[in-house]
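Participant: Chains as they are written, first to last, in my numbering: chain A, 1 to 289; chain B, 1 to 171.
Simulated from the structure, these hints should not be mistaken for lab results. Predicted, not measured: the structure shown is a model, and the values here were computed from it. Glycine is no exception: its CB is placed at the ideal position from the N, C-alpha and C atoms. All clues stand as given, with none of them false.
Calculated cross-link-like contacts (lysine-lysine; reagent style BS3-like; alpha-carbon spacing at most 30 Å): (1) B:Lys10 - A:Lys42; (2) B:Lys10 - B:Lys95; (3) A:Lys90 - B:Lys58; (4) B:Lys58 - A:Lys189; (5) A:Lys42 - B:Lys4.
Footprint (simulated), chain B over chain A, 3 or more residues, beta carbon under 8 Å: (6) 51 to 59; (7) 103 to 110.
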Amino acid sequence: MIPPSFEYLRPNTIPEAIALLQQHGEEAKILSGGQSLIPMMKLRLARPAYLIDINRIAGLSYIKEEGGFLKIGGLTREAELEASSLIHSKYPIILDTTHVIADPQVRNLATVGGNLAHGDPANDHPATMLALCAQVVATGPGGERIIPIEEFFLSLFTTALQAGEILTEIRIPIPPARSGGGYFKLERKVGDFATAAVAAYLALDEKGTAQKVGIGLTNVGPTPLKAAKAENFLRGKKVDAASIAQAAQLAADEAQPSSDLRGPAEYKKGLVKELAKRALSRALERASK
Amino acid sequence: MARKQSVRVKVNGKERQAEVEPRLLLVHFIREVLELTGTHIGCDTSHCGACTVLLNGKTVKSCTLFAVQADGGEILTVEGLIKDGQLHPLQEGFKEEHGLQCGFCTPGMLLSSYSLLQHNPNPSEQDIRWGISGNLCRCTGYQNIVRAVQFAAGKLAQKPAPEMTTQGAAK
Chain A
1 MIPPSFEYLR PNTIPEAIAL LQQHGEEAKI LSGGQSLIPM MKLRLARPAY
51 LIDINRIAGL SYIKEEGGFL KIGGLTREAE LEASSLIHSK YPIILDTTHV
101 IADPQVRNLA TVGGNLAHGD PANDHPATML ALCAQVVATG PGGERIIPIE
151 EFFLSLFTTA LQAGEILTEI RIPIPPARSG GGYFKLERKV GDFATAAVAA
201 YLALDEKGTA QKVGIGLTNV GPTPLKAAKA ENFLRGKKVD AASIAQAAQL
251 AADEAQPSSD LRGPAEYKKG LVKELAKRAL SRALERASK
Chain B
1 MARKQSVRVK VNGKERQAEV EPRLLLVHFI REVLELTGTH IGCDTSHCGA
51 CTVLLNGKTV KSCTLFAVQA DGGEILTVEG LIKDGQLHPL QEGFKEEHGL
101 QCGFCTPGML LSSYSLLQHN PNPSEQDIRW GISGNLCRCT GYQNIVRAVQ
151 FAAGKLAQKP APEMTTQGAA K
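Produce the complete structure using the sequences and hints provided.
Facilitator: What follows is the structure, given as structure tokens:
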């Protein structure tokens, strides 16, 4: 399949990229990993007249802790997350997530920034970032703007990024002691999008009561979903099998899946309940270590 | 039609250059402009991995990249595995262990395995299956592909024999 013609632009700096975005407006798209965008262009579902390749811009790929946050550069490849000892040791929920994104070849190119900015409810990082209460840094003509992740996903393929803005960094609050998370995804085969997936994150006090609860849902709605009712239920309660089961049911109730080739909506709701149970249990296990 | 752009890449060690439309996929560049048809188009939807090549040392699905993105880079295709008429241990492994039937997925399998062994010279079966998880095969059921990679890992792990002088002592 051949995409329609487009002009290919390759800026060397962020300001250049922003200027090009402003110049071409609606007709331009940022090319990051391209692993979501290019397949859409080949199907002619996306037809940007201008493609702005940001892959040669230096300084956009990093994984570091600074100022109370884990900071991940927008151009960081999934493969780099997989290989990071910091992610392995301190952020296993992020490792869980990156591991199930597509396959090794795709992960060599796909970027964390793109995974969020594409606005696809089927992408995996959004649910995890929702569970972690992350922030997105958008760099535009006016400078940097911080967008809380729960305000970032507006509708199918639409995010809170405004014209001329590029997602340059993701910030995750450094987890306190007694916290942990997990991401559980059911897919028909390795590399598939999720039939459903759940990210769960817990921060506990010494008595095992949940201080912070984050639950994100993948591919069961028009956007990545935050299971706020389930979170509110569990917050302040002792986390155990019973409270987890109830929270999982609430999360399933909040899911809005469609029936499609991956299964009927009712099945997916049941799946959300089971995956939420497993994700919360894994979060509890990791938080109790 | 968009303005053509110059793409300069080193392919299997040789400098190649061409003027291409931005929308030319890397796989079409490799197959039609460079005439290296060992890289295959299986699904065109980024699933099957038959189009896998190494770009700047990393495996990529060449059907999901534009040729212009590879400008200034280095590409390894399946044609680049053979050295001075000698099969790469992976190619030998696929031959010895019957790691192919129709052969359509094989170039992609070879390159994914090549990359796997570069990062993990002593992979477990699990590691191998994970390493080729971006490559689909409809013929073999993967067993012999795994054996082929194990064969190659074993071969690559053997230290090369030291050069002998006429007296029979190692140089």
